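A.B. asks: Sequence:
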Amino acid sequence: MHLTRVEGWQHLLNQHLIAAQEKYAEHGIRWGQFDCCTFASEWVALATGFDPISDFRGKYSSQDEAIALLKAKGSGTLLRTLTGIFGESVHPSAALRGDLAWRKEENALGIIVCIGARQAGVFLGENGFATLPIKDVDAAFWVGAR
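Position one of the sequence shown corresponds to residue 1 (the numbering used here), numbered consecutively onward.
If you are wondering where the hints come from, they were derived from the structure by calculation, not from laboratory data. Please note: incorrect hints may appear among the correct ones.
Stated by the list, open to error - Pairwise CB distance ranges, derived in the manner of DEER restraints: (1) His2 x Gly74: 32 to 38 Å; (2) Gln21 x Ala45: 32 to 38 Å; (3) Phe50 x Arg97: 16 to 22 Å; (4) Glu7 x Ser75: 19 to 25 Å; (5) Thr131 x Gly28: 16 to 22 Å; (6) Ala25 x Lys135: 15 to 21 Å; (7) Gly74 x Glu26: 21 to 27 Å; (8) Ser93 x Glu26: 32 to 38 Å.
What the hints assert, rightly or not - With a straight-line Cα cutoff of 25 Å, these simulated BS3-like cross-link-like pairs (lysine-lysine) come out: (9) Lys73 x Lys23; (10) Lys23 x Lys71; (11) Lys71 x Lys104; (12) Lys71 x Lys59; (13) Lys135 x Lys73; (14) Lys73 x Lys59; (15) Lys73 x Lys104.
No experiment lies behind these values; they were computed from the predicted model shown. Where is the CB? At the ideal position from N, CA and C, for every residue including glycine.
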């Protein structure tokens, strides 16, 4: 899929991260409304105008329901679903700020950010946000043309 980021996306990314932190502080995780996939997908929608989880929104309210929905939609896993939407993943070292990050161990979706001169993945989970060095991200998906 060919996506183009909107003008000023860098500012939008900063705003999205701050808003997400405030949302977590107020409500915590709410499956299907505010989880790792909605966090990352809302960013993609802001940056490109494309909502990658429009087929999933409002259709699950727990982790088990999310897994069942992935299976019902035919992909079976989050990684396969991401590949179906964004194309083949790339090595995280090829990702840029604002691209999506996937971590196998937690089966989690996040956003690539820059902290100083280093890249990291920001992930949302049951215990809040975690920032992991890019070496700990297992795959990345480009958001926008290169």
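A.B. asks: For each hint, tell me whether it holds in the structure or not.
C.D. replies: Verification of the supplied hints:
In this structure the supplied range 32 to 38 Å is violated for His2 paired with Gly74, their Cβ-Cβ distance being about 23 Å. The hint said 32 to 38 Å for the Cβ distance between Gln21 and Ala45, and at roughly 18 Å that hint is violated. Judged by the Cβ atoms, the range 16 to 22 Å given for Phe50 and Arg97 holds: they are separated by roughly 18 Å. Take Glu7 and Ser75: their Cβ atoms lie about 32 Å apart, and the range 19 to 25 Å is violated.
The given range of 16 to 22 Å is respected by Thr131 and Gly28, whose C-beta atoms sit roughly 18 Å from each other. Distance hint for Ala25 and Lys135: a CB-CB separation of about 29 Å, inconsistent with the stated range 15 to 21 Å. A hinted range of 21 to 27 Å is violated for the C-beta pair Gly74 and Glu26, which are about 35 Å apart. Checking the proposed 32 to 38 Å range against Ser93 and Glu26 shows it holds: the Cβ atoms sit about 35 Å from each other.
For the proposed pair Lys73 and Lys23, the alpha carbon gap of about 29 Å is over 25 Å, so the pair is violated. At most 25 Å may separate the alpha-carbon atoms for a hinted pair to count; Lys23 and Lys71 exceed this at roughly 29 Å. Among the hinted pairs, Lys71 with Lys104 is consistent with the structure: their alpha-carbon atoms are about 18 Å apart, no more than 25 Å. Note on Lys71 and Lys59: the hinted pairing holds, with a Cα-Cα distance of about 13 Å set against a maximum of 25 Å.
At most 25 Å may separate the alpha-carbon atoms for a hinted pair to count; Lys135 and Lys73 exceed this at roughly 31 Å. Between Lys73 and Lys59 the alpha-carbon distance is near 12 Å, which keeps this suggested pair within the 25 Å criterion. Only pairs whose Cα atoms come within 25 Å are accepted, and Lys73 paired with Lys104 is accepted, the gap being roughly 20 Å.
Of the numbered hints listed earlier, those contradicted by the structure are 1, 2, 4, 6, 7, 9, 10, 13.
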